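All chains, please: the whole structure from these sequences, using the hints.
Number of protein chains: 2
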Amino acid sequence: MSAFAGTDETTTTMNNSVAPLHRNELAELDKKIAHMGGLAEYNLGKAFDALVNRDPNLAQTVIEADAEIDDMQRDIEAHVVSLISRRHLAADELRQIMASLKIAGDLERIGDLAKNIAKRVVAIADQNYPRTLIVGLQHMLERALSQLKDVLDAYGQKDADLALAVWSRDEQLDETYNSLFRELLTYMMEDPRNIGFCTHLLFGAKNLERIGDHATNIAETIHYIVHGVEISAARPKGDTTSVTLFKPDA
Amino acid sequence: MSAFAGTDETTTTMNNSVAPLHRNELAELDKKIAHMGGLAEYNLGKAFDALVNRDPNLAQTVIEADAEIDDMQRDIEAHVVSLISRRHLAADELRQIMASLKIAGDLERIGDLAKNIAKRVVAIADQNYPRTLIVGLQHMLERALSQLKDVLDAYGQKDADLALAVWSRDEQLDETYNSLFRELLTYMMEDPRNIGFCTHLLFGAKNLERIGDHATNIAETIHYIVHGVEISAARPKGDTTSVTLFKPDA
Chain Y
672 MSAFAGTDET
682 TTTMNNSVAP
692 LHRNELAELD
702 KKIAHMGGLA
712 EYNLGKAFDA
722 LVNRDPNLAQ
732 TVIEADAEID
742 DMQRDIEAHV
752 VSLISRRHLA
762 ADELRQIMAS
772 LKIAGDLERI
782 GDLAKNIAKR
792 VVAIADQNYP
802 RTLIVGLQHM
812 LERALSQLKD
822 VLDAYGQKDA
832 DLALAVWSRD
842 EQLDETYNSL
852 FRELLTYMME
862 DPRNIGFCTH
872 LLFGAKNLER
882 IGDHATNIAE
892 TIHYIVHGVE
902 ISAARPKGDT
912 TSVTLFKPDA
Chain V
672 MSAFAGTDET
682 TTTMNNSVAP
692 LHRNELAELD
702 KKIAHMGGLA
712 EYNLGKAFDA
722 LVNRDPNLAQ
732 TVIEADAEID
742 DMQRDIEAHV
752 VSLISRRHLA
762 ADELRQIMAS
772 LKIAGDLERI
782 GDLAKNIAKR
792 VVAIADQNYP
802 RTLIVGLQHM
812 LERALSQLKD
822 VLDAYGQKDA
832 DLALAVWSRD
842 EQLDETYNSL
852 FRELLTYMME
862 DPRNIGFCTH
872 LLFGAKNLER
882 IGDHATNIAE
892 TIHYIVHGVE
902 ISAARPKGDT
912 TSVTLFKPDA
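Note that the protein sequences, when read in sequence, are chains Y and V.
Per the numbering used here, numbering of the first sequence is gapless, rising by one per residue and ending at 921.
Per the numbering used here, numbering of the second sequence is gapless, rising by one per residue and ending at 921.
Hints listed in this document are in silico derivations from the structure and should not be mistaken for laboratory results.
Among the hints, a few may not be true.
Note: identical chains are not told apart, hence a pair may lie in one copy or across any two.
What the hints assert, rightly or not - Subject to a maximum C-alpha distance of 25 Å in a straight line, what follows is the list of computed BS3-like cross-link-like pairs (lysine-lysine): (1) K773 - K702; (2) K820 - K717; (3) K877 - K829; (4) K877 - K703; (5) K773 - K703.
If you're wondering where the values come from, they're calculated on a predicted model, not measured in any experiment.
Below is the structure:
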């Protein structure tokens with residue numbers, strides 16, 4: 672189809688723009704997503720280290736580094752707008768470009784949530800709490816990190832099967848969240864002095880559950896890019912803490 | 672500029688597509704955003720009624736109605752992709768179209784958060800807690816609802832001043848959240864039997880604080896549509912609960 676074809680208004684499948692998309696323009700967009708994903712993964716990993724080592728200074732670097740992730744999102748959005756303005760886009764190219772916008776949005780939120788976890792690490796750093804109290808959160812953080820890593824690999828390789836595996840595993844993260852939620856409430860009931868920092872851990876756990884949801888969103892988007900259809904099965908939804916009431920023994 | 676102009680690759684500002692955008696195609700997109708916003712506002716209002724009247728059945732209708740908001744987002748995304756594929760878009764038209772995508776994303780999250788509040792209303796419905804305990808949450812919900820209403824009006828009228836007013840008021844919602852957070856923690860420390868449902872109220876309050884953030888995002892997007900530049904002042908960020916530790920008197 673020439674750049675002049677389809678001036679008839681009934682042509683609906685192609686964007687008859689100035690020039691066709693260069694292969695390296697999509698590759699560049701992919702590289703930006705990979706870079707942004709790498710930053711989010713790095714920050715979440717550092718938040719993990721800060722939690723385990725009770726290191727508020729390291730947590731502070733995570734908080735500050737989030738601005739770079741936000742900048743990357745703006746950069747990706749500008750790149751997308753520029754491609755749409757300047758290029759003749761085939762349907763599958765447009766699908767990829769729109770998908771990259773969505774993924775950038777999810778990564779931005781993951782960055783925010785990692786930053787929020789880091790803030791909570793700072794808040795509880797000087798507290799004298801038993802190590803066991805953060806083991807559950809550590810475990811959840813490891814799982815979330817591994818989900819993020821896998822979904823970024825799936826994006827890099829456009830591997831819908833790997834994406835589907837991430838998508839299916841989200842339920843496990845939700846289950847870990849549910850049991851941690853109950854465990855933390857038990858500590859709070861045992862001793863009111865635990866309430867302050869356990870509340871931070873509760874919100875930290877909720878943040879990790881949300882990070883898992885965003886990894887799941889990204890997995891859905893990858894599946895859509897590769898196959899052109901949405902994942903048909905109902906999405907696993909294992910966080911039941913908002914609909915159940917934990918009743919104290921007392 | 673004719674539909675044939677700009678075949679030279681150096682033309683960068685216009686999308687030389689099949690046909691120019693019809694005025695009513697942007698109006699239709701606006702109408703869809705307004706409809707989606709109306710649904711989100713309606714659901715949040717119903718969540719409020721369900722909370723005040725301790726009505727789990729009403730809360731259940733809010734939970735079920737959220738699917739319609741999700742459908743609207745998909746509909747808006749499809750509309751946007753269709754416009755980009757078929758139409759010659761001027762820079763300001765493309766800006767408006769991309770903005771509507773962003774706003775639909777914020778409204779989808781507001782819908783999710785309202786649904787989550789409704790789930791918590793169901794969870795605590797059979798609890799015998801003092802009325803005073805939910806007064807703070809009620810107050811926050813009213814504020815969040817009014818922020819959402821105003822920002823939707825600002826979008827309908829493309830009124831950047833009204834959007835800026837919403838943006839500036841977010842700090843008040845954050846302050847209400849901070850004081851409610853502390854109040855709820857006090858109740859939890861006073862009596863461990865309060866911990867279960869106070870935790871639900873804590874998360875409900877956090878959801879409202881997030882709804883305020885999304886209204887603020889929408890206000891920023893409106894400002895960008897109208898003026899073509901971002902709101903320059905630093906964004907008000909008044910939620911300090913993630914960085915402070917509430918210390919029990921005990």
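Here is how each hint holds up against the structure:
Proximity of K773 and K702 under a CA criterion of 25 Å is satisfied in both settings, with 15 Å inside one chain copy and 23 Å between copies. For the identical chains of this complex, K820 and K717 are intra-copy neighbours only, at 14 Å inside a copy versus 39 Å across copies, given an alpha-carbon limit of 25 Å. Neither within a single protomer nor between protomers do K877 and K829 lie at most 25 Å apart by alpha-carbon distance, with minima of 29 Å and 36 Å respectively. Neither within a single protomer nor between protomers do K877 and K703 lie at most 25 Å apart by alpha-carbon distance, with minima of 28 Å and 32 Å respectively.
For the homomeric pair K773 and K703, the shortest alpha-carbon distances inside one copy (13 Å) and between copies (20 Å) are both at most 25 Å.
Taken one by one, the earlier hints fail for this structure at numbers 3 and 4, listed in ascending order.
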